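K.L.:
The chain contents come next:
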Amino acid sequence: MTLPTNLKHVVTAQELTELINEKENVMVCCGRMGPMCLPVYDIMKSLEESGKYDHVEFRDMLFDSPEAAIIRNAPECSSFMGLPFTMYYKNGKVVKATTSIQNMDMVTEILDKEFAK
Amino acid sequence: MTQTDFDVIVLGAGPAGLTAGIYLSRSKARVLIVDSGIPGGQTILTHEIANYPGIESTSGYMLASTMKKQAETFGCTIKSNVKVTDVDLSSDIKSINLGNGEKYTSKAFILATGGRSKTIGAKGENVFKGRGISYCATCDGDFFQDKEIIVVGGGNSALEEAVSLTKYASKLTIVHMLSDWQAFDHAVEDMKANEKIDYIMESRIVEFKGEGALQEVVIENLAEGTTYTKKIDGVFIFIGYEANTDFLQGKEVKLNERKEIIVDENLQTNIKGVYAAGDALAKKYRQITTAVSDGTIAALNALEYIHSK
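Going line by line, the protein sequences match chains A and B. If you read the first sequence in this note's numbering, its first letter stands for residue 40, the second for the next number, and so on. If you read the second sequence in this note's numbering, its first letter stands for residue 2, the second for the next number, and so on.
One chain only, chain B, in its complex shape:
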């Protein structure tokens, strides 16, 4: 018979959720990890990880696969690529409903839903995704050999990816909304030293245009309040991440103004028995190592909670 009652349900199978699963299942708790996508979360979007202690270099996919295997070895049940239709977090017994009609319950719940790349939200962005608009330089850079492209953003990711894209592009323009960079000095210096790169500050793309593929963008100069059209072959967007907490809108879990989950020092939300971990948290730094740390803390506190009941 399929088990439907667990000690802890973890929503999200990124590094935070998988770490929580490893700790909980190794402590003999019955754990279900649910994810609407592939296990690994944003980690799988990283080609090379060289700052995870103890591992000199690996891919995000390999690291996530190993974490998943570890969790399963200790007894975790993992359901990936499933649609979550509802969660009940406020009752004493927590529950999750899946799109296939399955329902699972638990004593404690860990929200480890992570984040996703922000989109600009400009007209035409969805139309030209994969047809000139990309969010992954290493995946799609070689489609833009000897072409003119734009990188949107002013943080470390945007500037570092811009430099790496000059391997392919003939000319690259960075479009940034603010009047200063949000990147480390060395990233700004590397970008400025690259002869192929130009930049436009205090500006944003307000429309993507083309027939079949992207051909031009409409740029708004925010300082002057003017717009103009620029012919372009491709646009890469790196404007940061936002928390995957849309499903918590209207629920009792407290979020901040950026829709990130607010927790106490034990990573417990405002609801007893509901913890949160990883990039969906209201916090300053988002790294694989910090997600792993969050997952550990949330798991140990969830264990203490279920044993106290």
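Same shape as in the complex, but just chain A:
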């Protein structure tokens, strides 16, 4: 089960674990095709295409997939009650997690801080 976005998708928990262990910087937006999630996917695609964040892997994951429990049940998301849940992993560890809609400035601020080249 995947989201019909033009981002690359993470389908399984195992795939996510492998990705964050293999790649230094990973941003994963876990959501639905809803109004709070779509702008975040669009921002991620824009950043991916801009070429400025080639050192970051951008992915999405379907919130309602059983496999997404790895994000839904993450301790960093324990107080989250707004879609999407967006995770930032560095060297396999969560360095930041956000809930609900984010704008371009919010996302780039996190990327520039947590994934500085």
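Just so you know, the hints here were simulated from the structure itself, not pulled from any lab data. Keep in mind it's a predicted model, so treat the numbers as computed, not measured. Virtual Cβ for every residue (Gly too), placed ideally from N, Cα, C. Careful: at least some of the hints might be erroneous.
To be verified - Calculated pairs, DSSO-like style, for lysine-lysine (alpha carbon to alpha carbon, straight line, at most 30 Å):
1. A:K135 to B:K104
2. A:K156 to B:K84
3. B:K70 to A:K152
4. A:K135 to B:K210
5. B:K210 to B:K119
Said to hold, decoys possible - A few chain B residues that don't get close to chain A, going by computed Cβ distances all over 10 Å:
6. R27
7. L46
8. T67
9. E73
10. F75
11. G76
12. N82
13. G116
14. G122
15. H187
16. D199
17. K231
18. L256
19. I272
20. K273
21. T290
Said to hold, decoys possible - Derived, one-sided and incomplete: chain A residues facing chain B with beta-carbon distance under 8 Å:
22. P114
23. M120
24. V133
Based on these hints, arrange chain B on the given structure of chain A.
P.N.:
Same frame as chain A, but now just chain B:
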């Protein structure tokens, strides 16, 4: 070579801006549409649109995507998710500066910057956004299964969303600042008929509190001037929209007291060659259909303007 000089620059890629782009580019004008977010504006916040003539039912995202595709097919250049740092509207040649250092010029300019959901502005609102505070019932309603929640507002959106949220919530309280409802009678009747809903009039939330997630709110009774604390699991806020015109503060474009753009019957602002369309206008009704109409009128008048030069 990248084109930097256009006939018309449209600021905002909601229904008004995209419609203007469709009309202008189909008339062979060179058009740039710029938006700081995703194309579609507030339309994408709508799950289902059932009152757009000619389309029985669609999502806001699909409608906006089709409009964007149409505009691009006719030759529009669209730059979304870009930061606008400055606009010069008063010169004969208009210009826009982007955060990446790019600058674009045009003969005419259309302001279609739309609106955004109002926030309460109470202490703690930003802290608990997504942690108990939501502005989208369809997105976040299921996080509040069997929980007690508040809906803030007294208009149609607030009452309709309150009724829809009772699918999840065990109890729902509407908090409204005024002594009467600003909604249609049928929306008030539906709300009052719902056994899970209670309401508090002439009151407002002045503070959100909690550890990690929202746990309680401080409510002010405006009639009595008293405050009290209420334990709560979630708050949904539907108190209307405000125009995205902050960037026009200190500019020459005339705004009304609600910071909405004032235009003449041709949708021209007080500056020659600068038009406005959509929800940022000073007007009574804000619908996708009215935005589309505004975009059409602004585009046709902008075309006439550039041909007269």
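K.L.:
Per the CB criterion, is A:P114 less than 8 Å away from chain B?
P.N.:
Check failed: Cβ of A:P114 comes no nearer than 11 Å to chain B, outside 8 Å.
K.L.:
Would you say B:F75 is clear of chain A, with no C-beta pair closer than or equal to 10 Å?
P.N.:
holds (22 Å)
K.L.:
Is the nearest Cβ of chain A still more than 10 Å from the Cβ of B:T290?
P.N.:
holds (19 Å)
K.L.:
Hinted pair, alpha-carbon criterion (30 Å max): B:K210, B:K119. Please report holds or violated.
P.N.:
holds (20 Å)
K.L.:
Verify this label for me: B:G122 is non-interface relative to chain A, using a Cβ-Cβ cutoff of 10 Å.
P.N.:
holds (17 Å)
K.L.:
Less than 8 Å between beta-carbons is the criterion; does A:M120 satisfy it with respect to chain B?
P.N.:
Cβ of A:M120 sits 4 Å from chain B, so the hint holds.
K.L.:
A cut-off of 10 Å on Cβ-Cβ distance, and B:H187 was said to be off the interface with chain A. Does that hold?
P.N.:
Since the minimum Cβ distance to chain A is about 25 Å, B:H187 lies beyond 10 Å and the statement holds.
K.L.:
Is B:K273 truly not at the interface, in the sense that its beta carbon sits beyond 10 Å from all beta carbons of chain A?
P.N.:
Given a closest Cβ separation of 32 Å, the condition holds.
K.L.:
For B:T67, which was marked as not at the interface, is the minimum beta-carbon distance to chain A over 10 Å?
P.N.:
It holds; B:T67 is separated from chain A by about 15 Å at its closest Cβ, greater than 10 Å.
K.L.:
Verify the proposed pairing of A:K135 with B:K104, using a straight-line Cα cut of 30 Å.
P.N.:
Violated. A:K135 to B:K104 sits at ~34 Å, over the 30 Å cutoff.
K.L.:
So B:N82 supposedly isn't at the interface. Is its beta-carbon more than 10 Å from every beta-carbon in chain A?
P.N.:
Nearest chain A Cβ is 4 Å from B:N82, so the label is violated.
K.L.:
Does A:V133 hold up as a contact with chain B if the rule is Cβ-Cβ below 8 Å?
P.N.:
violated (16 Å)
In the structure shown, a violation is registered for the earlier hints numbered 1, 3, 7, 12, 22, 24, in ascending order.
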